[in-house]
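Work out the full structure, taking the sequences as your base and the hints as a guide.
Chain by chain, the residues:
2 protein chains.
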Amino acid sequence: MARRTPSLSDFQHRSAATGKARGRFALDRIDPGAKPFSTGSKARDKARVGELALEIDRLQDLFYADRRFKLLVVLQGTDTSGKDGTIRGVFGQTSALGVHAVGWKAPTADERARDYLWRIHQRVPADGEIVIFNRSHYEDVLVPTVNGWITPEQTAQRYEQINAFEKMLTENGTVICKFMLHISKDEQRTRLQERLDDPTKHWKFAAGDLEVRKQWDAYQQAYQNAIAATGTPWAPWTIVPADSKTHRNLMIATAIVQTLQGLKLHYPPGSPELAAIRVE
Amino acid sequence: MARRTPSLSDFQHRSAATGKARGRFALDRIDPGAKPFSTGSKARDKARVGELALEIDRLQDLFYADRRFKLLVVLQGTDTSGKDGTIRGVFGQTSALGVHAVGWKAPTADERARDYLWRIHQRVPADGEIVIFNRSHYEDVLVPTVNGWITPEQTAQRYEQINAFEKMLTENGTVICKFMLHISKDEQRTRLQERLDDPTKHWKFAAGDLEVRKQWDAYQQAYQNAIAATGTPWAPWTIVPADSKTHRNLMIATAIVQTLQGLKLHYPPGSPELAAIRVE
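In order, the protein sequences belong to chains C and F.
Numbered per our numbering, the first sequence spans residues 1 to 280.
Numbered per our numbering, the second sequence spans residues 1001 to 1280.
Each statement offered as a hint is correct.
List of simulated lysine-lysine pairs, DSSO-like, C-alpha gap at most 30 Å:
(1) C:167 - F:1167
(2) C:185 - C:46
(3) C:105 - F:1167
(4) F:1105 - F:1245
(5) C:167 - F:1105
(6) C:35 - C:264
Keep in mind the hints are simulated off the structure, nothing from the lab.
Structure below.
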């Protein structure tokens, strides 16, 4: 029997905020160690990621010229899940002219004095731009929920606020791709230990990372709940088995290329006057 | 029979986005020449506005110290309806430290490249701040609708986007007061002519104002529809009979004082350590 070709939709959740039961989504049914998009050869997978990264560069140029859309890519995942590596591996061939990455840290005093979406909204893409959020407004439902800083009612309210915010963005021309980089607790141990063992990676390590690791189960539950509540038809979540870095990049690059191709981008029609001009 | 004391709620619309029929609201049932809050004497009304403006200054200081809320005041109305005059008359006694007015003009290229709420969100008040919008995101449903730049479906979509946006703001501590400055077409003629007759007022006149005046009925209808759809429990509209400038200021100042008083503001509790300090 032929192995069924995997589809991105097998790893997507988009039925929140619709009539369908949101309970259908189960993060723990997706194996972080799976490689559904692998060719079976790591070398071929890596070559394929390289090809896709070049294709994203080509499509980004077209996306910028077309100007009908804005693309927002959200990367979420626990420490060491590979958010930085994804940006390097998937968007590394793309010009900084058209792609911006925004890394979200703890909010400043000015930011805390407004709603949590205030700073997020300021950094959304303009027409023709691709913006990658390295962490995002989802930290504002994950961290406060795990730490008990907000009530379950406030968490539910934030899900609704985020759904309405993302809906408004998409209705105004933004395409939103949200990726949850799904690694196992064992893989995180390996990666944290690597950071400790390699002085050139010490800058990536914070003592707080070990505290967060102790809350592993609570964070998995918070991700489960957040994805179930905010994977909408207009802004679906894609869960990326990410224990393998190559597979992670392969899957995300595939999704980005499919998304851009689906927009039927085209260069704006040429001007007949321009075609008649001869530069002396 | 004693004349019934007018209540602000008689001039408010707040039932949109609830189960109640939004059709209930009728702008043309409110007389722009009415003076329901007048004492019957213009001199006494003016004196009362002065007292209320001082009270707003006192309450603003408390509002700033309290820091639990943000106040957003939206002023909408056709040309010459008195938006600038309201800011001068009602907030003229209040320190610029705690109150900012934002005048919205046609969007820049950078602003047009994002959703229309992008620039609005950037200027919302922080904790303890009062921000007055002189025109607002409502221009983005009024102007494009009257000029046919967006479809009725897009207009309805924007009402929903605005309701969700304002709901999110209020759920995050913002109090929103929206005032529609309601003048008659005759009163507008008088005021536009005054601007033409007085060289010191020429800067307030633009040739386009006369074009907009020709669309009077279309704008009244657009206001009717927008207020009916966006006067919500969390962000109600107050319709201000505004042919009389004194009455306009009296009514808005009354509403602002009532809103601030309703928040039960208080200075944060003093620190016992501070009370023990003696400055040498």
